[in-house]
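Enquirer: Could you slot chain C onto chain S? The hints should help.
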Amino acid sequence: MAVFDPKVATRPPPRKVKVVIRKYNPETGKAWWQEHEIETYRGMTVLDALLKIKEEQDHTLTLRYSCRMAVCGSCGMTINGTPRLACQTQLAQVASNHNPVVRVEPMYNFKVVKDLLTDFTEFFEKHRKVKPYLIREDIEEQENPKLEYRLTPEEYEEFYQYSLCIACGLCVSACPIFASDTRFLGPQALAQAYRFVIDPRDEGYKVRLELVDSLDGVFGCHFAASCSAVCPKEVDPAAAIQRLRSLLLKYRLKLFRKKINGPVEPLREVKEKVPLPGDAQTLDGVDLEALENQPVVIPVEILSK
Amino acid sequence: MGKSVRDLVKYLDLRPGWRAFIDPFILKLWNNPERVAFHMHRITGVITAFFIFIHIITTNVPARAGWEAYLEEVRNLEAITPTSVLFYLAMGAVLFHGINGVRLILVEALAWGIGRPEKPKPPYIAPSLRGRQRALIHVTFALWIILWLALGYVMFLT
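Note that the protein sequences, when read in sequence, are chains S and C.
According to the working numbering, the residues represented by the first sequence are 67 to 371, in order.
According to the working numbering, the residues represented by the second sequence are 54 to 211, in order.
So that you can see chain S by itself, here it is in the shape it has in the complex:
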């Protein structure tokens, strides 16, 4: 995340903060900057400040928010020129006693619906385009599974980081390529494509690799790495895109062999005698062979007392 310093974040914010909001009215098509002054408290986030303004000063202020704890990814906005989640940003991080001004704008590279509310239709269309789900050749097995697919912890760690994406859109708003070419798939969709391409349970990697093999796909990216710098969940889309591109090169040179895991084998019932260690000794008066032949009886009446 863009410069998160716990020492700064836990400081009390300035007592009074001027919040400057970029408002937009879709009916008249007018956009303007609106200033509000609010009293703060320790631990106040930018989202708290905006909700306080909405409650006390300007009821028409429009923004999207939900969980208030950086899980849902709804409240992405440009705060003092940096794309951030409003709920995750402390006022103390962005306002100081020297400069108690917080400028809040809608996220860049998105259509603005009203005020701070942005339109995610295109974003999710692109996300849908890369088929962000497991594709199997045996659809019957996938629809009516009897057992889970095999996945080792090492294989899981390869894509775990990319599966943390909350689709907040901050990476897309920071992307300099997306600013000039809106057909570009964007860091979020490409990172998700990579996440499913290297998933050993997935068999649809060829479809996805063909899909991202264009100037609007992986070859549009030029590694400005701003997506990774602003990601609130450390998903690292920049690295995912570079890996996807090198993987695509290997695929085109026919050097890429993907390991695909099927369902795990059903557990077998093993009836084996576990041998005792050589130096093991039984207690006095205990006959092991007699004990083995004796059925196990659990005294239920004692347990129920």
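For the record, the hints were derived by calculation from the structure and aren't laboratory data.
Only a predicted model underlies this, so the values are computations on that prediction, with no experimental measurement involved.
Cβ coordinates follow ideal geometry from the N, Cα and C atoms, glycine included.
There could be a bad hint or two in this list.
Covered by chain C, per the in silico footprint, the following chain S stretches (three or more residues, Cβ under 8 angstroms) [stated by the list, open to error]:
| id | region |
| --- | --- |
| 1 | 240-253 |
| 2 | 291-305 |
Derived coverage of chain C by chain S (criterion: at least 3 residues anywhere in the stretch with Cβ under 8 angstroms from a Cβ of chain S; other residues may be distant) [as the list claims (entries may be wrong)]:
| id | region |
| --- | --- |
| 3 | 71-85 |
| 4 | 91-98 |
| 5 | 160-167 |
| 6 | 176-183 |
Expert: Relative to the frame of chain S, chain C by itself:
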């Protein structure tokens, strides 16, 4: 015409990202020299394209005016003249574009130096921003400045 311009302004207003394209420093991002390198690569690329265009015209001089004129032109580059200063600036752009291009081939085509995927932990700095490619960026900038200064020394002071 007026209506279409108004529509364009409205479109740009609805897509604030265009402002980020026109003004690269509208976004304030820390810990991200890759973005600086990206913008410089774009700018130096444009300068290099113009330089190549002018270079073709200037190297065409012997065909148009003979070798004497060409030698005269090359001799002009030694002293500090507007042409030589422009040439020096263009050389800086070409140098940066070339050195950064090598870095980009390593990072973009071979996925070199971008770290391994990991389980996120505080302070949540992505592996690609901590990997060896970051050191390579510093090397790129250092090499560029050293070579450019060396070129200036060779051009103007020897």
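Enquirer: Compare the structure with each hint and give your call.
Expert: Status of the hints after comparison with the structure:
no.: 1; hint: 240-253; in the structure: holds (count 6)
no.: 2; hint: 291-305; in the structure: holds (count 13)
no.: 3; hint: 71-85; in the structure: holds (count 12)
no.: 4; hint: 91-98; in the structure: holds (count 3)
no.: 5; hint: 160-167; in the structure: holds (count 6)
no.: 6; hint: 176-183; in the structure: holds (count 7)
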